[in-house]
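> Sequence:
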Amino acid sequence: MLLGTCSCAPWLRTTAVQDCESATSTPRLLEEMRLWLVVIWLFVCAAALPGGEQPLSRIAIENTTLAIDDSVHIKASPLVLGLKGENSEWVEVEFFHPNPSDDDWIGVFSPANFSGAICDPENEWQQPPVLCTAPIKYQFAKFKNDGYNRSGKGNLKLQLINQREDFSFALFSGGLLKPKLIAVSNMVTFANPKAPVYPRLAQGKSWDEMTITWTSGYNIKEAVPFVEWGAKGGPRFLSPAGTLSFNRNSMCGAPARTVGWRHPGYIHTSFLKDLWPDSKYTYRLGHRLPNGTQVWSKIYSFKASPYPGQDSLQQIVIFGDMGK
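The sequence shown begins at 1 in UniProt numbering and counts up one residue at a time.
It is possible that some hints are incorrect.
Claimed, not checked - Simulated pairs of lysine-lysine, BS3-like, Cα-Cα distance not exceeding 30 Å:
| hint | residue 1 | residue 2 |
| --- | --- | --- |
| 1 | Lys273 | Lys137 |
| 2 | Lys232 | Lys273 |
| 3 | Lys232 | Lys298 |
To be verified - Now the in silico label distances, taken between C-beta atoms and shown as ranges:
| hint | residue 1 | residue 2 | range |
| --- | --- | --- | --- |
| 4 | Leu313 | Lys178 | 36 to 46 Å |
| 5 | Ser245 | Ile299 | 39 to 49 Å |
| 6 | Leu201 | Gln159 | 23 to 33 Å |
| 7 | Ala256 | Ala191 | 52 to 62 Å |
| 8 | Leu56 | Gly253 | 15 to 25 Å |
By construction, these hints were calculated from the structure, which means they are not laboratory data. Beta carbons: idealized from backbone N, C-alpha and C, even for Gly.
The task is simple: from the sequences and hints, build the whole structure.
Here it is, written out as structure tokens:
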């Protein structure tokens, strides 16, 4: 008999079916247990890696010192992004450091003004940090800049997404553990930083309902959020949306309340109901300003859920925190 199989004589199949199933399931159970042990081991190993799971956590931003040097310069272009309605765009950063090092790095900050002078301490017993916020991304100055440690000249191309605020770039020396701020660039911004962006779809409470959630820079007093939608080629409908957010005091404490804090914007949710099964719909996100002007997103589409019990292929995507 092969391992993992169970063979019964015909006259025993009725009376011994449970024994056969038990014998068959035992090797399978052991195999599943081995698989879970491998998965757990991988998680433990990943957690033990130096630097943590998030590259930005390697920056000891609390150790930052100011060492502004007029001989160092850094410049970012273009100044205005998303002139054609794009939600992401590449920025070129040019820089020069007369005393370069392999430890020099470029940090991207948003909002553009990240000076600790504009920060309030978490409580009256604490001093405000040197920098008000941590960078949202970074790259070493030597990246794709051969000979940087000799010439001190370099340039980087970094992709930015619309995050409701302007941006600036800073050049640091001293590495990630003892960063020294030596130069700050000009400001760059998206044409409409408050624009509605990044819709997320979720199944509603009933099979014929779709939930749409998106982010913008408009609070409910600035603009009324809604969704314009309809079947492809059919009449259009308007559905209202609710608006939520949270503030710095919602966080447990430092660093989430201090250098780790960044305003999440305003989160809007709308419900599209009475959808026809398997039908394709198009939609766009809108905000109506007090003067009657409407701000629109680009047009998106989705396919409605099938009727319950309908023979159809179902696919599921599982993902972690997508950030903000």
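> Look at each hint and say if it fits the structure.
Verification of the supplied hints:
1. Lys273 <-> Lys137: violated (39 Å)
2. Lys232 <-> Lys273: It holds: about 16 Å lies between the C-alpha atoms, which stays within 30 Å.
3. Lys232 <-> Lys298: holds (15 Å)
4. Leu313 <-> Lys178: 36 to 46 Å: The hinted range 36 to 46 Å is violated for Leu313 and Lys178, with Cβ atoms some 55 Å apart.
5. Ser245 <-> Ile299: 39 to 49 Å: Cβ of Ser245 to Cβ of Ile299: about 26 Å, so the range 39 to 49 Å is violated.
6. Leu201 <-> Gln159: 23 to 33 Å: holds (24 Å)
7. Ala256 <-> Ala191: 52 to 62 Å: violated (31 Å)
8. Leu56 <-> Gly253: 15 to 25 Å: At roughly 19 Å between Cβ atoms, Gly253 and Leu56 fall inside 15 to 25 Å, so the hint holds.
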